[in-house]
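Peer 1: One-letter residues, chain by chain:
Protein chains: 2
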Amino acid sequence: MKLLEERIRQDGIVIGDDILKVDRFLNHQMDPALFQAMAEEWKRQFAGDHVNKILTIEASGIGIACIVGLVFGCPVVFAKKSKTRNTPEECYMATVRSFTRGIISDVTVSKKYLGPSDRVLIIDDFMATGEAANGLISLVKEAGAHLCGVGIAIEKAFQQGGNALREEGIKVVSLARIGTMSESEGISFLD
Amino acid sequence: MKLLEERIRQDGIVIGDDILKVDRFLNHQMDPALFQAMAEEWKRQFAGDHVNKILTIEASGIGIACIVGLVFGCPVVFAKKSKTRNTPEECYMATVRSFTRGIISDVTVSKKYLGPSDRVLIIDDFMATGEAANGLISLVKEAGAHLCGVGIAIEKAFQQGGNALREEGIKVVSLARIGTMSESEGISFLD
Chain A
2 MKLLEERIRQ
12 DGIVIGDDIL
22 KVDRFLNHQM
32 DPALFQAMAE
42 EWKRQFAGDH
52 VNKILTIEAS
62 GIGIACIVGL
72 VFGCPVVFAK
82 KSKTRNTPEE
92 CYMATVRSFT
102 RGIISDVTVS
112 KKYLGPSDRV
122 LIIDDFMATG
132 EAANGLISLV
142 KEAGAHLCGV
152 GIAIEKAFQQ
162 GGNALREEGI
172 KVVSLARIGT
182 MSESEGISFL
192 D
Chain B
2 MKLLEERIRQ
12 DGIVIGDDIL
22 KVDRFLNHQM
32 DPALFQAMAE
42 EWKRQFAGDH
52 VNKILTIEAS
62 GIGIACIVGL
72 VFGCPVVFAK
82 KSKTRNTPEE
92 CYMATVRSFT
102 RGIISDVTVS
112 KKYLGPSDRV
122 LIIDDFMATG
132 EAANGLISLV
142 KEAGAHLCGV
152 GIAIEKAFQQ
162 GGNALREEGI
172 KVVSLARIGT
182 MSESEGISFL
192 D
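Listed in order, the protein sequences are those of chains A and B.
When you line the first sequence up against my numbering, it's residues 2 to 192, in that order.
When you line the second sequence up against my numbering, it's residues 2 to 192, in that order.
FYI, nobody ran anything at the bench for these hints, they're computed from the structure.
Worth double-checking, as some hints may not be accurate.
The calculated label-pair distances, taken between Cβ atoms and stated as ranges, are [to be verified]:
1) B:118 - A:139: 41 to 47 Å
2) A:188 - B:192: 51 to 57 Å
3) B:170 - A:191: 50 to 56 Å
4) B:160 - A:139: 36 to 42 Å
Here are some, though not all, of the chain B residues that point toward chain A, as calculated from beta-carbon distances under 10 Å [to be verified]:
5) 47
6) 69
7) 70
No residue lacks a Cβ here, since even glycine has one placed at the ideal position from N, Cα and C.
With the hints as extra help, turn the sequences into a complete structure.
Peer 2: What follows is the structure in structure tokens.
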């Protein structure tokens with residue numbers, strides 16, 4: 002998606018060979034108009050898949066997912082990284098390692114909000130090794146829901162998360178796929 | 002706002018005298034169409050305030066705030082509860098106690114995304130004692146930004162956070178104000 006690629010070139014900052022900071026528009030400050038354009042593109046690519054629920058993971062996926070839900074006309078559920086005092090009910094649970102934080106979290110979704118009648122589109126801001134997506138996919142499977150696919154804003158395609166899912170037959174639509182990046186050479190995108 | 006009050010009556014669950022679970026539509030599963038209607042109401046109430054930035058706090062404020070940003074046509078910033086490996090830059094910081102979690106967090110906003118040219122509308126899902134709003138207000142002051150006001154989805158008006166801010170002259174627009182609630186008697190709203 003050219004609009005997102007141009008925005009990454011304009012406002013993204015590469016640190017070393019594996020960190021891309023996009024906190025000017027994606028995951029600290031957020032540009033809702035860009036998110037709407039991204040949501041329209043996913044809507045086009047998942048037309049016919051009868052998506053009726055968006056699933057994401059806190060925190061930085063929530064903003065994108067909520068606008069995707071608005072465009073698809075369906076509810077959004079975010080997997081929580083810890084349980085609060087006022088959510089004691091039964092949950093599905095998966096374990097996720099965060100690439101950026103380097104920590105392992107249990108993520109949970111209430112059984113009330115994911116089930117066999119759901120046709121799920123997973124949305125997240127980044128995919129690298131695919132740990133978050135794999136955790137969310139395991140929640141979808143545990144719930145007996147149908148997985149329509151995975152929508153990622155920025156895929157670090159030089160890491161293997163996206164292709165591993167595609168090899169399993171999962172439809173992964175990444176709006177910007179980074180082939181190479183470095184501080185000195187900048188970013189190249191894959192088609 | 003009648004639409005939100007009706008939804009709370011329909012889908013909210015009161016536990017004891019001080020916990021209201023609205024995770025069916027507000028802060029675990031989220032209804033983006035409802036958020037859009039809420040955003041339109043805040044847009045009406047803050048017309049003329051020239052809001053050019055939305056500020057919220059992770060995690061459950063992000064979805065509402067992002068749709069508010071879409072309706073206001075401006076960027077959204079969320080205060081982060083912990084620092085990730087890839088955000089080492091200078092930040093504004095405040096300390097916030099979570100009513101629901103019972104824990105104290107440092108919340109941060111990058112100095113790049115909040116400054117004197119910003120006219121800020123703070124958005125959050127709940128207000129009880131006002132700890133989160135006070136933390137965000139202190140970030141706005143520290144940044145030298147202008148505070149247009151605070152938009153809250155559900156104010157527990159039997160607690161003192163909202164009125165304390167109003168007594169300081171801050172414009173607080175809560176879309177549903179709970180006067181009383183209990184498991185046996187249900188919920189009453191203030192006008």
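Peer 1: Could you check the structure against the hints above and give me the numbers of any it violates, in ascending order?
Peer 2: Hint 5 contradicted; others consistent.
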